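Asks: Protein sequence lines correspond, in order, to chains R and P.
Here numbering that gives the first Met the number 0 is used: the first residue of the first sequence is 0, the next is one more, and so on.
Here numbering that gives the first Met the number 0 is used: the first residue of the second sequence is 0, the next is one more, and so on.
The set of hints was computed from the structure by calculation and includes no laboratory data.
All of these numbers come straight from a predicted model, not from anything done at the bench.
Any given hint might turn out to be false.
Label pairs and their in silico Cβ distance ranges [claimed, not checked]:
(1) 7/R - 67/P: 46 to 52 Å
(2) 90/R - 67/P: 29 to 35 Å
(3) 123/R - 66/P: 20 to 26 Å
(4) 51/R - 97/P: 21 to 27 Å
(5) 58/P - 115/R: 30 to 36 Å
Just so it is clear, CB atoms sit at the ideal spot from N, CA and C, and this is done for glycine as well.
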Amino acid sequence: METNLVAHQSSMMLVAYVIYLPISLLLTYYVAKTLFKNGLTFMLDIFHGKTDIAHSTNKLFEVGFYLLNIGFALLILQINDICATEQQMIEILSVKIGGFSIYLGIMLFFNMYLFFRGRKASRTNIKPIFPSDENSIE
Amino acid sequence: MSTYFVISIIVYFTCSAFITIYVGKLCFKHGKHYLLEELQDESLSYKINQLLLLGYYLLNLGYVTIMISQWPSISDGYTMIGFVASKIGRIVITLGCMHYVNMLSIYLYKKFNHQKKISNHGNKFSSASV
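Just chain R, with the same shape it has in the complex (with noise of 0.2 Å):
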């Protein structure tokens, strides 16, 4: 009896780690393909226009958030409480993909300010951002 309950509590667990792994990986892709897909046209504009340093810069925006939120997702994937009956493994469940979607979203919010202020900074920027263009001062 005693074991039966022990391979409940462990299957219930194994059924919360199939569940929570690729929905958290797939919100992530999703996300982060949604952002740095319109990024691109932020970068652009801050760039005027030079399409390999925008496609660059919004790459390297990408690895950065991906890293991150893929580390997150895995960091917080141990179930630490009791997981004996489906009750408690929906409510673990939802404990963590919920906070797994709000830390989402802010990083998304954060990664939006990033492009807002790179766009302001460009725009009201009249110094010459590459060396050559101080070149042609002297």
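With chain R fixed as given, assemble chain P onto it according to the hints.
Replies: Using the frame of chain R, we list chain P on its own:
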């Protein structure tokens, strides 16, 4: 050594190595514009980029490998899944934080470097006018 320990070492090491190498190659390809902008010499910036990539591999793969020595013994499969995931997640978050720190330092370096250059130009103009 239990089989869970061996499996967890293999999974942890392959995932962390794969992520490190993939991110390194991406940053190598997309970051060479920033090197080119500071030193306009293309071959020199390519060589510096290669050296930076090598240093990055050494540091990160070494850190990943050393962290294996500080693991406790792993007894059953379910703690193994959670434990391996949290270790990989820690490595990946560390990579992400360092990535943002690097981008911030490039941004600050460019900002202060160009301000210094502009003030040097200003000094030249003012002394020339006198």
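Asks: Take the C-beta atom of residue 51/R and the C-beta atom of residue 97/P, compute their distance, and say whether it sits inside 21 to 27 Å.
Replies: holds (25 Å)
Asks: Verify the CB-CB distance for residue 90/R and residue 67/P against the hinted window 29 to 35 Å.
Replies: holds (34 Å)
Asks: Between residue 58/P and residue 115/R, does the C-beta distance stay in 30 to 36 Å?
Replies: holds (34 Å)
Asks: Within 20 to 26 Å or not, the Cβ separation of residue 123/R and residue 66/P?
Replies: violated (45 Å)
Asks: Tell me if the beta carbons of residue 7/R and residue 67/P are separated by a distance inside 46 to 52 Å.
Replies: Violated, since residue 7/R and residue 67/P (Cβ atoms, about 33 Å apart) do not stay within the stated range.
The structure fails hints 1 and 3 (numbered hints given earlier, in ascending order).
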